[in-house]
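*Asks:* Okay, here's what each chain looks like letter by letter:
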Amino acid sequence: MIPELGHFSLILALLLALTQSILPLAGAARNIPSWIAVARPAARAQFLFVAIAFGCLAYSFLVNDFSVLNVAQHSFSRLPAVYRFTATWGSHEGSLLLWTFILALWTMAVTLFSRHLPDDMVARVIGVMGLVSCGFLLFMLTTSNPFLRLLPAAMDGSDLNPMLQDPGMVAHPPILYMGYVGFSVAFAFAIAALISGKLDASWARWSRPWTTAAWVFMTLGIMMGSWWAYYELGWGGWWFWDPTENASLMPWLVGTALIHSLAVTEKRGSFKAWTVFLAIAAFSLSLLGTFLVRSGVLSSVHAFATDPARGLFILGFLAVVIGGSLLLFALRASQVGLGGRFALVSRESFLMVNNILLLTATGSVLLGTLYPLFLDALGLGKISVGAPYFNTVFVPLITPLLFLVGVGPLARWKQANVPELAARLKWGLAASVVVALLLPLTLGAWKPMVSLGYLLALWIVVTVAVSVQGRLRAGAGWSANFYGMNFAHLGVAVTVIGVTMVSAYETERNVRMNEGDTITLQDYTFLFKGTTNLDGPNYKAARGTLEVSRNGQPVTTLYPEKRTYTASGMPFTESAINYGFTRDLYTALGEPLDGGAWSVRLFHKPFVVWIWMGAVLMALGGLLAITDRRYRTASRRKGTEE
Amino acid sequence: MKTRHKKLLLVAVALLGLGAVAALVLNAFRSNLVFFLSPTQVVKGEAPRDRAFRVGGLVEKGSLSREADGVTAHFRVTDTAQTLSVTYKGVLPDLFKEGKGVVAEGRLNGGVFFAEQVLAKHDENYMPPEAARALEQAQKAQKTLVAPQGKQ
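So the protein sequences, as listed, match chains B and A.
Per this note's numbering, residue 1 is the first one in the first sequence, and the count goes up by one each step.
Per this note's numbering, residue 1 is the first one in the second sequence, and the count goes up by one each step.
These are computed hints drawn from the structure, not numbers from a lab.
Just so you know, not all the hints are guaranteed correct.
Unchecked claim - List of simulated lysine-lysine pairs, DSS-like, C-alpha gap at most 25 Å:
#1 Lys7(A) <-> Lys61(A)
#2 Lys6(A) <-> Lys540(B)
#3 Lys540(B) <-> Lys529(B)
#4 Lys540(B) <-> Lys7(A)
#5 Lys529(B) <-> Lys100(A)
#6 Lys426(B) <-> Lys414(B)
Isolated chain B, as found in the complex:
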């Protein structure tokens, strides 16, 4: 009964989404207020029914209704309740329903926080988001119905993939989706601007908080994915340039370019067409990411679907959305108008270079991710593009970008005062260079990449300090936007330090350990005390005990496990990590060997948490920037030129 209710709700949601799109868009085009007014109520009603559908699926999982095919394939009676809930989105169909639910959520938010926008613009924005909802609802109802029945019902489920039975997996997909889907708002604003032909500074001011919010979620989502991969996959890596990781990195890179481009459009009215293009690109990459992950063409940790009909649908949907929006852009971009002029050296030009670098990086990642697929599709062989390619290309592009992160915020709009910049920054630059060159020597061998990493990070810190000091000295008041920006940039510096330290100085040992054996890694001693067997709710485990000490003083005891999950019989490594501000001690059991011995994997990872801490700081900075008062003016003017 409940699954059928959910199914029916999805159908109703589709009808409402159609109403939400067709009437407001037509009404805005023909200036029919009653049709325009349908936008908000239709969106809210759609949200209600998608929420009901989501609730029905979650309910089926929580009560172990194995007559629902999805539940039978992805859950298990002895699965802890929280994981039964997260199993709702642990499958292809379920994650699509989550996507649609989050889209409805964002649309709902737009209906609530758009009082100050002109009605025709709101109608267009909600209408475009409605069209995207239609696509996803149709996709679900035709190829990926989460409510299909399994009759007769299964006795028990096949269990959720053990990799997903983890607190990180509770949070990572919803947060990441908030980001992916959030770019649809920026996209909708861009399409609305193209359709209406009106794109001014107030358009930028309206879209900015929405775009930054999506970016904040995206940053957190990627950070969680990286951290989860680190502790769950058992290899101690935090980024593999895996196609699905790339699928989330690309919209993030373009999203970063977008929030910076929006700043220029709002402040100076320049880059208008470019900003619109970026909004289309960011969301297109979100959709492309969906296609890459859902169609089974990738061999990756995340690959779900194997049904060609699904791949075909998404391909068609992508063609319509991306092709359509680019066509609209080509036809209407010229009407958007040019903005203020700026000098060769100015904040605008620095931001332009910022955008170019980010987009080049995106392009290279896209090439490396899609090239194997193209070759395979053309039958020209199966190849893979590994981490060395991405690292070789990404690092030289990010380096000048990081330099600009420092100098950009200090440059003036329209025309930077180069002598003044040089005067303000020369001591900072000198200090950064000196410290960066000397620091690696204190850590061991001098490595050029370490110096480079530190130089860039210190440069950012120094320039933020100069910038803040300058502002305080000038007596300017509080600005959420200014401090948010600087805080986020500091986050970038923190991440850079984390990446530099871990890449250069991490150490690993794979050894056979008998009970009573010790091994030393850096100045930490690990004593293996054998394993004991224990039973979990839905698994059996061999739990190892490793006593860690340093200079004779006990530090901690770690309990890595090797689990075998009951339902699937799958073996699984549960690593044990001792987190630290300056280093992580990472242990994992390998395989049982003869005589009670085990092969054990041990890592010493310096500063690795800084990578994720930096990402959190970036997100917090973005969040702070959104609270700026300029976005909360309750004016309903149709927009003013600045």
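Given chain B, work out where chain A should sit, using these hints.
*Replies:* Frame of chain B, contents of chain A only:
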């Protein structure tokens, strides 16, 4: 400098920059492509000598052995037509099992494949698409033979 000349200079610099980046990217790309081969192709001698490549198939049943140090493993990978000996120093992934699909990346040295990476990171019913294809092709090739050519 006249504005017009300034603009031309800008365009020239931009194109040069773009060209440099493109060269960098394509160069990095070409030198980091990793080809995938089946054991049959490796045995036939199609494997590149100067770079790492991937080989995939099934882990031959009964072929897994470990040395006394506990971390060096030997096994054979097969596509049912030919087998290739693989040596790997490290902890094997959880889903690595005899009779299941595997993909290894490394280099060939004297007829033995020295793996730097062994991949098997999905559920136990999953087989990497490349490995599946290799098996499929090998089985197809066997069916088209008129008489058995003497399998190894």
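*Asks:* The structure should be examined with respect to each hint, and the outcome stated for every one.
*Replies:* Going through the hints against the structure:
For the given pair, Lys7(A) sits about 68 Å from Lys61(A) by alpha-carbon distance, which is inconsistent with the 25 Å threshold. With a C-alpha separation of about 72 Å, the suggested pair Lys6(A) and Lys540(B) falls outside the 25 Å cut-off, and the hint is violated. With a C-alpha separation of about 19 Å, the suggested pair Lys540(B) and Lys529(B) falls inside the 25 Å cut-off, and the hint holds. Straight-line distance between C-alpha atoms of Lys540(B) and Lys7(A) comes to about 70 Å, which puts the hinted pair past the 25 Å bound.
For the proposed pair Lys529(B) and Lys100(A), the alpha carbon gap of about 32 Å is over 25 Å, so the pair is violated. For the given pair, Lys426(B) sits about 22 Å from Lys414(B) by alpha-carbon distance, which is consistent with the 25 Å threshold.
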